[in-house]
Every structure is written in structure tokens, then in C-alpha cells.
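Heads up: the protein sequence lines correspond to chains A and B, in order.
According to this note's numbering, the first sequence is numbered sequentially starting from 121.
According to this note's numbering, the second sequence is numbered sequentially starting from 428.
The hints are simulated quantities; they were obtained by calculation from the structure and are not laboratory data.
Treat the hints loosely; a few may be bogus.
[What the hints assert, rightly or not] Just some of the chain B residues that point at chain A, by a computed CB distance under 10 Å:
(1) Ile450
(2) Ile452
(3) Tyr466
(4) Met472
(5) Asn520
(6) Asn532
(7) Ile567
(8) Leu568
(9) Asp581
(10) Arg585
(11) Val604
(12) Ile608
(13) Asn609
[Claimed, not checked] Far from chain B, by Cβ distances over 12 Å, these chain A residues were calculated:
(14) Trp135
(15) Glu188
(16) Glu204
(17) Phe259
(18) Ile295
(19) Lys299
Only a predicted model underlies this, so the values are computations on that prediction, with no experimental measurement involved.
No residue lacks a Cβ here, since even glycine has one placed at the ideal position from N, Cα and C.
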Amino acid sequence: MSEIISPKKQFNKIWRILPIILIIILSMSTIYNIYQYKIINTFKSENQLIEKELQHKYLKRPSMIELEEFLAKEQSSENKNLSESESASNLRLNAHSAGYNMCIVFIDFEIILSYRGLRSPPMPFTYVINGITLENGTFVYIFPEGNFIIGNEHSQIKDLLEYIMRNIALYLNYIRITKEIRLY
Amino acid sequence: MNGIKFYNANSSSMKLLRNLSFILIILTISSLIFHIHQYSTINAMKERNQFFKTELNKFTLENPSIEDLHKFLSNDITNQKDGANWDCKDSANVLRLNARKSGFNMCVVLLDVNYVIKSASRDKEYWAPSTGLVTINGAILDNETFVYIDPQDDQIIRFDRYSLEWKLLEKNNDALVAAIINEVHIW
């Protein structure tokens with residue numbers, strides 16, 4: 121006496137169950153969507169944070185105008201009690217804070233002094249200054265004591281020597297740059 | 428008639444159920460498509476995050492332990508470099524760069540030193556004051572202790588002015604006195 125279910129009835133049963141199944145799937149899917157949305161948001165905020173931190177780490181090459189503006193605002197040169205290495209170090213740190221890739225340049229040179237016909241033996245000297253590569257690839261020297269820029273692509277070494285000669289000694293007879301080290 | 432009414436009611440509810448099912452199917456499919464989209468977004472963000480982290484790691488330098496520092500210095504060959512134009516500034520610069528490559532935070536220490544050195548003029552020896560710039564390295568260890576490192580002989584010197592001045596005297600045979608007047612750390 122078992123009841124024979126007609127195919128139409130069976131089909132109707134499926135139609136009745138299907139919405140329930142679909143509602144369950146859809147609600148689960150919505151929950152998963154919310155979870156995924158939260159993950160995306162977490163990644164987004166984390167990436168933004170790292171990107172910001174990276175922007176601080178990447179140091180750029182300034183244009184000549186930007187460099188002049190930075191040096192005009194820069195006040196570490198006003199402290200006359202600092203040694204040349206301290207001034208150079210301070211200027212480099214401030215440039216890094218401003219996002220510019222400035223380096224410290226050690227310039228080794230040899231001088232011969234002469235006084236009343238007597239000539240000194242060649243004496244080694246080291247000058248500590250700053251340097252930076254500009255946007256256009258030109259390297260310029262910066263004297264941290266006065267915050268001024270020396271050199272362009274045509275006359276770097278000549279200008280540098282002239283400046284050093286003016287600053288070193290009255291009895292300078294000969295000067296020659298022997299080495300240059302750039303410390304980034 | 429009752430039978431027909433019941434059948435009609437059943438039929439209209441079935442129609443509703445069918446329509447509902449279709450709507451739900453469409454919603455489920457669109458939800459699945461949205462899942463795929465979100466999944467690819469998550470993957471892209473993961474990759475971006477990984478890239479940023481590796482980039483950031485390049486800038487993150489750690490303070491070495493004393494054992495790590497000894498190990499690094501014994502493997503490093505900067506102290507063996509020598510030449511007519513090679514001096515303490517080159518050694519300190521190169522050692523700092525090599526330490527950075529190994530992930531250690533090392534600085535260059537600039538020392539302005541006043542010396543009293545033996546000089547000779549017209550066959551007479553005398554002691555004369557002199558100044559000099561000495562460049563060495565320095566590092567903060569993992570226990571927050573600062574140490575100096577002589578890049579030319581890989582010696583680790585404790586953070587003490589007298590130990591450092593003694594070292595400077597050792598390095599300069601002609602000097603009788605070495606006094607540090609200024610010290611700058613370049614990280």
C-alpha cells in the first residue's frame with residue numbers, strides 16, 4: 121500500500137526545499153563576504169602604513185631649486201661652535217629628514233706651505249663637507265658651515281680648490297686633492 | 428471546485444517558490460562572483476603587502492650580539508685591504524657598507540684628535556701639537572652597549588674614552604699624547 125509519489129510532486133518538493141538551501145548558502149556566503157571584506161580592510165590599512173614608512177626611507181635627489189630652498193631654511197649652519205664634521209653630520213641628518221639623499225664627503229688633499237723661502241714638506245689634510253646628487257645627475261658639494269653650494273658640471277674641482285685655498289692658510293704654496301670618499 | 432481551488436493555491440505558491448528560487452540562484456551566483464573578485468583582491472593585496480615588507484626589511488637593520496659581531500668581523504676582509512691610497516676612512520666606510528649588507532646597524536665614528544707628536548727639523552727632534560681626523564666604526568649591541576670597532580684590525584673596543592685614546596696611541600707610533608676633542612657618529 122505504499123504511496124507512489126508522482127514525478128510532478130517530487131519536482132514540487134525540490135522547488136520547496138531549494139529556496140531554503142539557497143537561503144542558507146546565501147547567508148553563509150554573506151558572512152564569508154563580510155569576513156573577506158574585513159581581511160581586505162586590514163591589508164589596506166597595513167599596506168598604507170608600510171607605504172608611508174617606506175616613503176620616509178626612500179631618499180630622493182632634489183632639484184637645484186629644492187636644494188637651495190632646503191639650505192635656506194636649514195639652521196644648523198648658524199651654530200658656529202660645531203666642528204666641520206658635526207656640521208656635516210647635522211646637515212646630512214636634516215636632509216634625510218627632509219627626504220633628500222645627502223652624503224658626507226671626505227676630501228683628502230696635500231698642501232705645501234711656504235714662508236720666507238722655506239717650504240714645508242707635503243702635508244695631508246682632510247676636509248669634511250657634504251655632497252648631493254641632483255635630479256639631473258650632477259653632483260654638487262655643500263659647505264655645511266655656510267650652507268652654500270659649490271660646483272656645477274663644469275667647474276666642481278676648481279671651485280672646491282679655490283674655496284679650500286681661501287679657507288686654509290695664508291702661506292699656501294701648493295694644494296692637490298688626493299682622494300674623495302662619499303659616505304651615504 | 429474545492430479540489431480546483433486547492434490546486435490553484437498550490438500552483439500559485441509553487442510559482443512564487445520557483446520565482447524565489449530563481450532570484451536566490453541569481454543572488455548566489457552573483458555572490459560567488461563577488462567572492463572570486465574579493466579573493467583576487469585579497470591575493471593582490473597579500474602580494475603587495477609581502478613586497479612592501481621585503482622592501483622595508485631592506486632598511487631594517489638589527490643591533491648585533493657580540494658573538495654575531497665577532498663572527499661578522501672574522502668573515503669580513505676589509506681589515507686585510509691595504510694600499511698606498513687606502514686609509515682608515517676607506518676601511519670604516521667599506522666595513523659599514525658590508526655590515527649593512529649583512530643586516531647589522533653600524534656607524535662611522537669621526538674622531539677629531541689632538542696629538543703631541545715627535546717631529547724633526549734641522550736635525551733636532553722636538554714634540555709638537557698636531558690635530559688629526561681618525562675614522563673608526565661603532566655599533567650598538569643587542570644588550571644596548573655601544574662598542575667601537577677598529578676597521579683596520581677588527582678590534583672591538585669598549586665605550587670608554589681612555590681605551591679609545593690608548594688605541595689611538597697604539598695606532599700612531601710617533602704620538603706621545605692623543606686626546607679626543609670631538610666625536611661624531613654617522614649612522
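Here is how each hint holds up against the structure:
Because the beta carbon of B/Ile450 sits about 9 Å from the nearest beta carbon in chain A, less than 10 Å, this interface hint is met. The interface hint given for B/Ile452 holds, since its Cβ lies 6 Å from the closest Cβ of chain A, which is under the 10 Å cut-off. At about 7 Å, the closest approach between the beta carbon of B/Tyr466 and any beta carbon in chain A falls short of 10 Å, and the interface hint on this residue holds. Restraint check, B/Met472 versus chain A: the minimum CB separation of about 4 Å is within 10 Å; hint holds.
Among the interface hints, the one on B/Asn520 holds; its C-beta lies about 6 Å from the nearest C-beta in chain A, closer than the 10 Å criterion. The criterion of a C-beta within 10 Å of any C-beta in chain A is not met by B/Asn532, whose closest approach is roughly 14 Å, and the hint is violated. With its C-beta approaching chain A no nearer than about 17 Å, B/Ile567 sits outside the 10 Å limit, and its interface hint is violated. Here the hint on B/Leu568 is broken, as its CB sits about 22 Å from the closest CB of chain A, past 10 Å.
For B/Asp581, the shortest C-beta to C-beta distance to chain A is roughly 20 Å, which exceeds 10 Å, and the interface hint is violated. At a threshold of 10 Å, the smallest CB-CB gap from B/Arg585 to chain A is about 23 Å, leaving the interface hint violated. For B/Val604, the interface hint is violated, since its Cβ never comes within 10 Å of a Cβ in chain A; the closest pair sits about 20 Å apart. A cut of 10 Å between beta carbons decides the hint on B/Ile608: the least distance to chain A is about 8 Å, and the hint holds.
A distance limit of 10 Å between C-beta atoms decides the matter here; for B/Asn609 the minimum to chain A is near 5 Å, and the interface restraint holds. Here A/Trp135 does not stay apart from chain B, with its beta-carbon only about 5 Å from theirs, under the 12 Å limit. For A/Glu188, the non-interface assignment is confirmed: its Cβ lies about 24 Å from the closest Cβ of chain B, beyond the 12 Å cut-off. Not every C-beta of chain B lies more than 12 Å from that of A/Glu204, the closest at about 9 Å, which undercuts listing it as non-interface.
Here A/Phe259 stays apart from chain B, with its beta-carbon at least about 17 Å from theirs, past the 12 Å limit. The claim that A/Ile295 lies off the interface holds: its Cβ sits roughly 17 Å from the closest Cβ of chain B, which is beyond the 12 Å cut-off. The Cβ of A/Lys299 sits about 6 Å from the closest Cβ of chain B, inside the 12 Å cut-off, so the non-interface label is violated.
The earlier numbered hints that this structure contradicts are 6, 7, 8, 9, 10, 11, 14, 16 and 19.
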